[in-house]
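Given chain S, put chain W with the ligands in place with the hints provided.
Residue numbers (this note's numbering), protein chains in the order written: chain S, 1 to 298; chain W, 1 to 362.
Note that these hints are calculated values from the structure, not bench results.
One thing to keep in mind: the hints can contain errors.
Stated by the list, open to error - Below, in silico cross-link-like pairs of lysine-lysine (BS3-like), each with a Cα-Cα straight-line distance of 27 Å or less: (1) Lys270(W) / Lys133(S); (2) Lys133(S) / Lys334(W); (3) Lys167(S) / Lys239(W).
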Amino acid sequence: MSIKFKKDDVIQNTVYDVYENYDESKSTVEDIILPERDKDKDPILDIRGLGIDFGGLTAVDEFTIAIGRTEIAGIIGPNGAGKTTIFNLLTKVYQPTRGTFLFDGKDTSGMTTTQISKMGIARTFQNIRLFDKLTVEENVKAAMHEEVNYGLASGIFHGPKYRKQEKAAHERALELLSIFDMQDLADYQASSLPYGAQRRLEIVRALATNPKVLLLDEPAAGMNPSETAELMNNIRKIRDTFGIAILLIEHDMSLVMNVCEGIAVLNFGRIIAKGTPEEIQNNPAVIEAYLGKKKEAK
Amino acid sequence: MKMKIKNGRLSPYTKNSIISYGIVIIAFVVVSVLNGMGLVSSTLQGQLVPICAYIIMAVSLNLVVGISGELSLGHAGFMSAGAFTAIVVSGMLEASDMPVIARFAIAVVCGAIVAGVLGFLIGIPVLRLRGDYLAIVTLAFGEIIKNIMNIVYAGVDSHGFHLRANPDLGLEESGRMLLNGPMGATAVQRLSTFTAGFVLVLITLFVVQNIMNSKQGRAIMACRDNRIAAESIGLNVMKYKLMAFTVSAALAGMGGALFGLNFSTLLPIKFNFNTSVLILVFVVLGGLGNIWGSIIAATILTVLPEVLRQFADYRMLAYAIVLILVMIFTYSPKIKNFTQNFMENTFRKKDKKPEAEGGAAV
Ligand SMILES: Nc1ncnc2c1ncn2[C@@H]1O[C@H](COP(=O)(O)OP(=O)(O)OP(=O)(O)O)[C@@H](O)[C@H]1O
Ligand SMILES: [Mg+2]
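If we strip away everything but chain S, and leave its shape as in the complex, we get:
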């Protein structure tokens, strides 16, 4: 795996310099980087040449990566690079203009957001999207509609099936909330939570759908360093307990370099580098770039 930055670049100060000095003609991006333990299995996400245009603007182009079943992968890149758009493509908020992706070996062309969720992709949002007027617990329980499957009649009459399933849902919701030590906040209105807790609640809600892939859009945004450190542990913990793949977008380089096993660097909608954190970090230009960015961006 080679890093696709100009060889003789002098020390650069910010990650943005790296993006600007990137020489596209030298790009030789490899397709699949999976962690050793996932290598013998098919990737859970096999994204092939995904691209989308908004009018004349090509927001994402030729996006090709594969994610292992228990991999934690990251997408980084400057503002407007197209990172969130990739999540919107993976959850079918947008239908791609080009390319497709396979989930667990199945082509997802033409699927809807709801179908994608049922298949096992869950996400959080960069600009938090909670069910504001519902309580914390209800936000989580709303996502458990597959296992809480009583019909409207039970919903009206609150019979034995209702009571049994609601009790189970209540316990499961508290259990999921306890990942982030949030079980005591269960009865608060979601919008009354502080920012960091809202971000964590979004993760819990996503987990409540029993996903196989969890997409996190800037999970550490607005968090202080100690919260971020805790989040890193929790991201690993989630992967280990649920055995799922996690793909995250993050500007916080310490988080990305620490938890991600594979990283794709995006600029102007295109992948300009892919590799392990070591591979990306071992490039002097990148080290300098990320260290510089980390200090300046904070």
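Here is chain W with the ligands on its own, set in the frame of chain S:
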């Protein structure tokens, strides 16, 4: 960290449900007792059933506007469907020696079913629209139902039931007209009673409040609060919007049935756009998603025009002024803060007696 402190262990839904049931039950008992002592004026007596009907209308519309978050301006259409269905059904059963209660119950259930089916069928195309467009189309459907009722003629004789779009039904001598086009229904047997209205209000509260505190209610409110997030967790937004709309229409049919069986004559034009807006006003004034608010608003605003009758010609002007004042008072942030603090303080001092307060207002 600013967080609201919960009183006790009750979930907000349970608390609000108890308030709603409390208001209704206390009001019913108080009014019944006063009535027994002959202290209720005859005007108010005549209003008791309409008040119950409008409470049902407001609570059911709140399910769509407040809980599902979709503006509907055609609620009177479903009321109309329920009312005339109930009138026809009870008219057809009049010959049978069925007890009055059974006849009333069957008529009400039929009214609810017809309105519910109508709501479902209208909801399928209409709920694809959002916001203003949805409001306009529901308005149109409300008017369509009204205009259809204007040309429907129905009658019953020994050959059975006749339904036409013209007055010539060819009824036998012994036959009876049930619906008379723009003249509506005449000589309706008045089956509705205050007690029946009370029971139907309780049923409405039971349905709406239990739904709110169920998987379906969570889904409906989730789709309202954030459609994209709701889809991202796999909720079928259309399904839940349609569910709320259909249940709401069925309950409106029930309210319409209660209303329709309360008068000996009923004109289709009664259920026009103004009525839809009136019900919407109840909901907005009472607070979106606030069930007991709808109950109180529907009650006060139904009684108010009668109370204002002494102002004669200026009645509707006074009504409008009262409405505007109430809006200002309930929506001004300063006053909101004040009432919130006031409520919190009183809730904490006397250990919560909200039912009594609400009951007094009815
Ligand atoms: N619905 C849309 N219509 C038009 N242009 C869009 C749309 N969504 C995104 N874009 C454009 O696509 C580009 C990529 O946006 P995107 O939100 O994916 O960036 P990002 O990498 O997530 O940036 P940030 O780090 O700021 O979150 C931007 O130029 C944006 O303006
Ligand atoms: Mg983004």
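Now for the hints, and whether the structure bears them out:
no., hint, verdict
1, Lys270(W) / Lys133(S), "violated (36 Å)"
2, Lys133(S) / Lys334(W), "holds (21 Å)"
3, Lys167(S) / Lys239(W), "holds (25 Å)"
Checked against the numbered hints listed earlier, the structure breaks hint 1 alone; every other hint is satisfied.
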